[in-house]
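Let the hints inform the model, and build the full structure from the sequences given.
Spelled out, the chains give:
Number of protein chains: 2
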Amino acid sequence: MATLLELDDPADPRLRDYRDLRDVELRKSLEGEEGLFLAEGEKVVRRALEAGFTARSFLMAPRWLDGLADLLDRSAAPCFVLPEALIEQVTGFHVHRGALASLHRRPLPGVDEVLDRARSVLVLEDVVDHTNVGAIFRCGAALGFDAVLLAPRCADPLYRRAVKVAMGTVFSVPWTRLPDWYDALPDLSSRGFTTVALTLADDARPVEEAVAGLDRVALVLGSEGHGLSSRWEQSADRRAVIPMAAGVDSLNVAAATAVACYVASRR
Amino acid sequence: MATLLELDDPADPRLRDYRDLRDVELRKSLEGEEGLFLAEGEKVVRRALEAGFTARSFLMAPRWLDGLADLLDRSAAPCFVLPEALIEQVTGFHVHRGALASLHRRPLPGVDEVLDRARSVLVLEDVVDHTNVGAIFRCGAALGFDAVLLAPRCADPLYRRAVKVAMGTVFSVPWTRLPDWYDALPDLSSRGFTTVALTLADDARPVEEAVAGLDRVALVLGSEGHGLSSRWEQSADRRAVIPMAAGVDSLNVAAATAVACYVASRR
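Here the protein sequences line up with chains V and Z, keeping their order. So in UniProt numbering, spot 228 of the first sequence is number 228, and the numbers just go up one at a time. So in UniProt numbering, spot 99 of the second sequence is number 99, and the numbers just go up one at a time.
Mimicking DMTMM-like on lysine to aspartate or glutamate, the simulated pairs with C-alpha atoms at most 20 Å apart in a straight line are:
{"id": "1", "chain 1": "Z", "residue 1": "K43", "chain 2": "V", "residue 2": "E224"}
{"id": "2", "chain 1": "V", "residue 1": "K43", "chain 2": "Z", "residue 2": "E224"}
{"id": "3", "chain 1": "V", "residue 1": "K164", "chain 2": "V", "residue 2": "E88"}
{"id": "4", "chain 1": "Z", "residue 1": "K43", "chain 2": "Z", "residue 2": "D66"}
{"id": "5", "chain 1": "Z", "residue 1": "K164", "chain 2": "Z", "residue 2": "D23"}
{"id": "6", "chain 1": "Z", "residue 1": "K164", "chain 2": "V", "residue 2": "D129"}
{"id": "7", "chain 1": "V", "residue 1": "K164", "chain 2": "Z", "residue 2": "E224"}
{"id": "8", "chain 1": "V", "residue 1": "K164", "chain 2": "Z", "residue 2": "D129"}
So, partial list: chain V residues that the calculated Cβ filter (under 8 Å) puts toward chain Z:
{"id": "9", "residue": "S250"}
{"id": "10", "residue": "L251"}
{"id": "11", "residue": "N252"}
{"id": "12", "residue": "A255"}
{"id": "13", "residue": "A258"}
{"id": "14", "residue": "V259"}
These are calculated hints, taken from the structure and not from any lab test. For every residue, glycine included, the Cβ atom is placed at its ideal position computed from N, Cα and C.
Given below as structure tokens:
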């Protein structure tokens with residue numbers, strides 16, 4: 001059972017895991033070095049623990065204790081209890097959904113394990129915005145995708161903002177980093193996937209046509225700013241586009257993923 | 001031609017339009033009372049002016065002047081020029097894309113005007129998140145929707161964050177507020193639109209089937225938290241759902257809109 005520790009000093013060193021949550025650079029180095037990630041909100045904390053992650057600690061205001069009592073009962077980690085105003089001083093902003101947990105990261109699985117029995121896969125090249133990464137996971141989970149593969153520079157799915165936007169689906173959808181950027185797509189092809197790159201390239205065909213009748217599909221998505229690298233665009237088996245109205249730049253990558261996942265889910 | 005005014009005091013009262021951009025409540029009252037809105041980034045500022053909005057003023061660091069020189073040439077508004085560090089003191093955060101403009105709002109058009117010749121319309125009930133409102137506009141514009149109607153409590157499409165996420169499509173897609181919440185959907189039906197509410201209701205049918213073969217369609221979307229009000233859900237002509245994987249709550253409203261707009265664009 002978690003030990004409840006009522007604290008009254010926001011500078012208490014035991015609260016280090018929860019400091020300055022909006023300072024992206026600080027958080028990246030802290031979370032990487034310590035091998036931790038944060039879950040925010042009762043529902044997301046619950047999903048992290050149910051997915052088998054182990055808590056380092058919890059932090060919440062008194063009114064959130066009841067809702068998480070069953071989880072705290074089953075955890076050996078300390079639960080720091082502070083008034084909301086002091087929590088805000090630690091985290092640097094008002095945590096709307098109250099409860100926070102700091103959890104241990106686990107080693108990432110290998111590509112073989114993630115792709116085992118997968119039929120529909122998302123492959124993200126350099127999606128750098130945590131909100132987009134989270135939205136893409138939520139969307140893939142909702143529309144029946146089995147796995148997500150990330151290029152080395154793609155943003156971290158376990159970053160707090162990504163976890164929150166994903167509504168915890170980053171815990172349930174298998175994912176990992178690709179070890180080799182250059183040959184990532186040919187490697188997927190050799191494993192029996194048809195790689196379909198979403199792009200505005202001239203030879204792209206409508207996405208519905210590009211995925212029609214395929215068995216194993218890997219939908220490939222590029223960065224918010226400039227899309228896919230030319231290497232990935234060219235090494236994909238097919239290039240696909242979502243037909244759009246004239247004069248509009250494009251859909252945002254999360255919206256494009258939603259459409260492409262929907263279309264692929266009905267192939 | 002815009003007058004360039006080099007300022008060195010972030011407290012200068014002429015910079016009032018740009019103050020504390022992350023303080024949502026302050027911005028709402030300031031922008032409402034003054035009848036202004038902000039555009040951020042060269043591309044979005046350009047689109048606002050090209051759509052016929054009149055600038056009250058501009059604010060930028062020296063390095064952004066060249067890119068907007070043609071627009072400044074054609075405007076009578078003052079352009080305040082400050083070093084980036086001082087701009088950050090005014091706005092309360094680092095403005096990544098440099099240029100800002102404060103523009104005059106215009107009276108909202110009537111529903112008749114917005115719906116004139118429209119065939120595909122989005123109707124938002126209480127979407128309260130500015131990011132979602134912006135994403136929905138961008139998506140509607142990209143997928144050929146002709147107009148957007150907003151319930152009284154829906155978030156403001158001209159709020160800075162919505163404008164930015166929408167990539168300025170809030171300037172080009174006709175939109176207005178619905179004067180009457182209660183009978184909004186029956187009124188659209190009487191104008192010849194089939195109102196299709198996205199919902200998880202038991203009698204919802206797959207969205208593809210719900211829009212098949214329709215001429216004038218109004219896609220109806222509800223709040224992030226609890227979806228549509230029962231009045232709107234029940235007074236829509238049809239209820240539609242995006243088929244999803246078991247165990248996932250739902251798609252976020254922006255992702256659901258992307259899928260529904262795509263499906264409706266191919267009806």
